[in-house]
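Undergrad: Below are the chains, spelled out letter by letter.
4 protein chains.
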Amino acid sequence: MKLKTPLIILNVKAYKESMGKRDLKLAKICEEVAKETGVNIAYCPQQVDLAWVANEVEIPCLAQHVDALDPGSKTGWTVLESIKEAGAIGTLVNHSEHRMKIADIDVIVEKSKELGLCTVICTNNVVVSRAAAVMKPYSIAIEPPALIGSGIPVSKAEPEIVSDSVNAIKELNRDTVVLCGAGISTGEDVRESLKLGAEGVLLASGVVKAKDPKRTLLDLASGIF
Amino acid sequence: MKLKTPLIILNVKAYKESMGKRDLKLAKICEEVAKETGVNIAYCPQQVDLAWVANEVEIPCLAQHVDALDPGSKTGWTVLESIKEAGAIGTLVNHSEHRMKIADIDVIVEKSKELGLCTVICTNNVVVSRAAAVMKPYSIAIEPPALIGSGIPVSKAEPEIVSDSVNAIKELNRDTVVLCGAGISTGEDVRESLKLGAEGVLLASGVVKAKDPKRTLLDLASGIF
Amino acid sequence: MKLKTPLIILNVKAYKESMGKRDLKLAKICEEVAKETGVNIAYCPQQVDLAWVANEVEIPCLAQHVDALDPGSKTGWTVLESIKEAGAIGTLVNHSEHRMKIADIDVIVEKSKELGLCTVICTNNVVVSRAAAVMKPYSIAIEPPALIGSGIPVSKAEPEIVSDSVNAIKELNRDTVVLCGAGISTGEDVRESLKLGAEGVLLASGVVKAKDPKRTLLDLASGIF
Amino acid sequence: MKLKTPLIILNVKAYKESMGKRDLKLAKICEEVAKETGVNIAYCPQQVDLAWVANEVEIPCLAQHVDALDPGSKTGWTVLESIKEAGAIGTLVNHSEHRMKIADIDVIVEKSKELGLCTVICTNNVVVSRAAAVMKPYSIAIEPPALIGSGIPVSKAEPEIVSDSVNAIKELNRDTVVLCGAGISTGEDVRESLKLGAEGVLLASGVVKAKDPKRTLLDLASGIF
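Residue numbers (my numbering), protein chains in the order written: chain V, 10 to 234; chain H, 10 to 234; chain X, 10 to 234; chain L, 10 to 234.
Source of the hints: derived by calculation from the structure; they are not laboratory data. It is possible that some hints are incorrect.
As the list makes no split between identical chains, a pair holds if one copy fits it or if it spans any two.
Stated by the list, open to error - Below 30 Å or equal to it, Euclidean Cα-Cα: the simulated DSS-like pairs (lysine-lysine) are: (1) 220 x 120; (2) 120 x 83; (3) 179 x 110; (4) 204 x 25; (5) 25 x 223; (6) 122 x 25; (7) 30 x 11; (8) 204 x 120; (9) 13 x 179; (10) 220 x 179; (11) 110 x 11; (12) 218 x 122; (13) 110 x 25; (14) 13 x 145; (15) 223 x 165; (16) 179 x 218; (17) 44 x 110; (18) 204 x 218; (19) 34 x 110.
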């Protein structure tokens with residue numbers, strides 16, 4: 010299984026609304042919407058639910074984070090080999106809530122390539138997006154931290170950060186998929202993001218905290234063209 | 010499900026030998042040995058396997074680590090509520106490979122009590138064991154870091170650190186279960202540990218890297234009296 | 010030079026108002042007030058100013074933080090041996106803005122004793138104060154984080170946390186000096202703190218951001234009896 | 010005062026041999042050698058000695074590390090504004106012994122430009138050097154971690170990592186000064202480094218632990234052409 014574009018990635022973070030059974034339920038809803046609409050949806054379960062959820066759904070699952078360590082005596086840390094065996098096809102890297110050291114990002118991107126895993130590096134501005142592009146990850150998701158969880162879509166609040174990142178990243182590395190995130194919750198937000206050159210979106214609270222997550226996902230999927 | 014003493018806790022860390030299917034298989038072996046011998050065995054799966062393994066076995070499972078955070082927008086971090094919903098009955102805290110801040114240990118112990126979860130605080134010497142005892146955790150596991158993974162059992166190399174910790178901890182808090190660990194791999198090591206006053210052992214490589222983990226676990230269980 | 014009680018410790022943090030020349034000036038004001046009033050005042054300069062300020066004043070200086078490392082190839086980290094040679098007589102440990110791992114606090118307290126340095130462990134509640142007392146530091150400063158920089162003195166807002174900490178700490182270790190902090194800015198706050206059993210105060214913004222730091226320090230000193 | 014090339018930067022880390030009076034003495038030796046030979050030498054004192062040493066010598070001083078924080082209530086942390094007021098003209102960033110988050114490196118480089126400070130980003134390989142170059146720092150120092158403190162000069166052990174980094178960095182950003190480090194201790198090492206395209210060297214133990222630091226520095230300076 011591989012990620013395909015255009016793409017919606019749902020990161021359920023450590024929300025109360027996405028733990029345990031509710032984590033699996035959200036993953037199943039993503040799977041349904043993906044099947045019904047034909048839109049590519051990937052899912053990032055809570056870390057402790059990763060193997061469990063990945064075993065139960067047929068859409069691609071990603072870890073929310075991986076530590077830049079080799080397998081071994083690393084109590085409580087998560088290594089790339091473990092997420093692969095857990096059924097994940099890759100991982101978010103350097104999320105704004107889990108920033109990483111530059112040398113560690115490099116290690117994870119390199120090792121992911123060897124292991125056949127996808128990396129989605131989260132970045133906060135155009136300069137960091139360019140620095141990430143140099144490492145040739147599968148994808149870069151540009152997310153201005155101030156807008157995360159705000160309900161104000163980056164595509165409306167800071168459209169130029171999306172289009173500038175697309176240009177900057179593609180100039181350095183044509184093959185890296187550019188996503189955007191922060192405040193995305195409607196089909197219109199998705200449509201605007203794609204118009205700005207993004208090939209998909211990364212989102213969380215917009216779906217996790219929605220009254221009717223399936224309806225929200227169907228709306229989001231409608232923005233993919 | 011609650012932890013009972015005397016007790017063997019197997020922490021499988023992030024070893025190559027305990028990932029994915031091998032993680033579940035090791036948990037199943039622990040379950041078998043617990044049933045066959047009547048000895049209490051608890052299991053700490055790799056973090057991303059926690060919900061999956063906890064759903065498949067009937068012995069108690071613990072997280073290897075939990076972050077001192079409340080549920081919410083905490084991408085890639087693990088909160089107590091998530092491990093509870095994943096089916097864990099508690100967590101290791103402050104393992105020597107994942108040391109924690111003193112204020113965070115306090116937060117996790119307090120919150121675990123509210124949530125009905127068990128905490129096993131790992132400590133490195135008698136002074137830190139006493140400091141941990143003040144927080145009244147379910148259990149303290151004394152493990153001299155230099156002996157971890159060494160194959161030299163703490164019960165033989167530093168018996169006084171075990172007996173001194175038992176005395177120091179019990180003096181401050183009668184109810185805290187004292188475990189010991191580091192280098193434990195045989196029934197004799199377990200027997201010696203109990204003689205020194207420990208109520209069980211915490212171990213990892215001795216089983217995970219054993220040629221025949223079941224035979225090793227049966228031997229370990231034979232040391233429980 | 011040793012710390013003596015009753016005691017006022019001024020921690021100037023990384024405030025704009027206490028950098029460079031203003032750091033030395035504040036230290037000189039503390040020295041003046043100490044001489045004029047006979048009150049014991051210790052000063053924690055900004056880290057990069059430590060040797061410079063300690064060389065210029067005759068009141069005791071403390072580092073704001075020290076890393077639990079031995080001297081060596083540790084670029085950008087601060088070790089106990091370095092602060093001693095810089096002229097400091099000790100260090101704050103585990104400030105709420107710089108929390109430390111429990112095993113590291115133990116290392117620093119032990120090593121400080123060998124080097125003849127004083128440690129002032131900052132704690133956030135009674136339980137953590139007790140855990141710190143077990144390590145037998147020179148002093149423990151209880152500071153409820155929510156009140157730090159608030160202008161609301163701990164002595165008024167949460168008097169029982171001060172008196173309970175004093176009792177808990179003294180019960181475990183008679184010799185540890187108990188200080189309190191958070192929101193302290195007047196002589197009355199100091200007086201109330203001492204009445205609650207504290208042997209001094211730890212403060213920062215109340216002086217650093219005062220319009221007339223000398224007048225504020227004189228007022229604070231007037232609260233010492 | 011500004012850094013000029015070709016350049017030798019001496020980072021004295023947290024070595025026993027470079028604390029307190031020995032820190033100032035080493036800085037004075039660098040100053041002497043700079044005057045006698047006309048070679049540009051910059052000095053990174055121990056963090057707590059920064060203001061003291063920078064006030065006493067006329068060669069440029071750099072901090073060993075700065076935290077990506079604004080001035081304020083940040084006990085024990087070091088901000089750019091503080092090192093500027095301490096007399097430093099810039100800072101090392103992301104040393105292999107003090108790795109930083111990618112977003113924090115970006116913040117420090119940007120803010121240093123506003124404050125008129127120089128940043129020297131340390132990198133471990135060609136990819137990370139390219140990622141750093143995108144941020145347009147004053148300088149990048151390529152240092153393969155395995156060779157640091159080894160006595161085996163990077164210029165001999167891995168000459169291609171130096172020349173490849175020079176090419177990669179200059180391609181992205183003509184103006185960034187490229188240094189190399191790790192194992193450098195003789196004039197010949199310096200000469201080889203410059204031949205590979207580096208504009209200077211970053212070194213530590215080669216001088217700090219030398220029997221006769223002045224003689225070693227004179228030899229190093231002789232390699233500058």
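Undergrad: Could you run down the list of hints and mark each one as holding or not?
TA: Evaluation of the provided hints:
1. 220 x 120: Result: close only across copies, 29 Å inter versus 39 Å intra.
2. 120 x 83: both (17 Å within a copy, 25 Å between copies)
3. 179 x 110: both (23 Å within a copy, 23 Å between copies)
4. 204 x 25: neither (33 Å within a copy, 44 Å between copies)
5. 25 x 223: within (18 Å within a copy, 38 Å between copies)
6. 122 x 25: This pair counts as between: shortest inter-copy Cα distance 19 Å, intra-copy 33 Å.
7. 30 x 11: For residue 30 and residue 11, both the intra-copy (26 Å) and inter-copy (22 Å) Cα distances are at most 30 Å.
8. 204 x 120: neither (33 Å within a copy, 33 Å between copies)
9. 13 x 179: within (17 Å within a copy, 35 Å between copies)
10. 220 x 179: This pair counts as neither: shortest intra-copy Cα distance 37 Å, inter-copy 50 Å.
11. 110 x 11: For residue 110 and residue 11, both the intra-copy (27 Å) and inter-copy (29 Å) Cα distances are at most 30 Å.
12. 218 x 122: Close across copies (28 Å), not inside one copy (34 Å); limit 30 Å.
13. 110 x 25: both (28 Å within a copy, 24 Å between copies)
14. 13 x 145: within (17 Å within a copy, 34 Å between copies)
15. 223 x 165: within (24 Å within a copy, 52 Å between copies)
16. 179 x 218: Answer is neither: 33 Å inside a copy and 46 Å across each miss the 30 Å cutoff.
17. 44 x 110: Neither. Shortest intra-copy (38 Å) and inter-copy (38 Å) distances fail the 30 Å Cα cut-off.
18. 204 x 218: This pair counts as within: shortest intra-copy Cα distance 26 Å, inter-copy 50 Å.
19. 34 x 110: The answer is neither: 34 Å in one copy and 34 Å across copies each exceed 30 Å.
Comparing the model with each numbered hint stated earlier shows that hints 4, 8, 10, 16, 17 and 19 do not hold.
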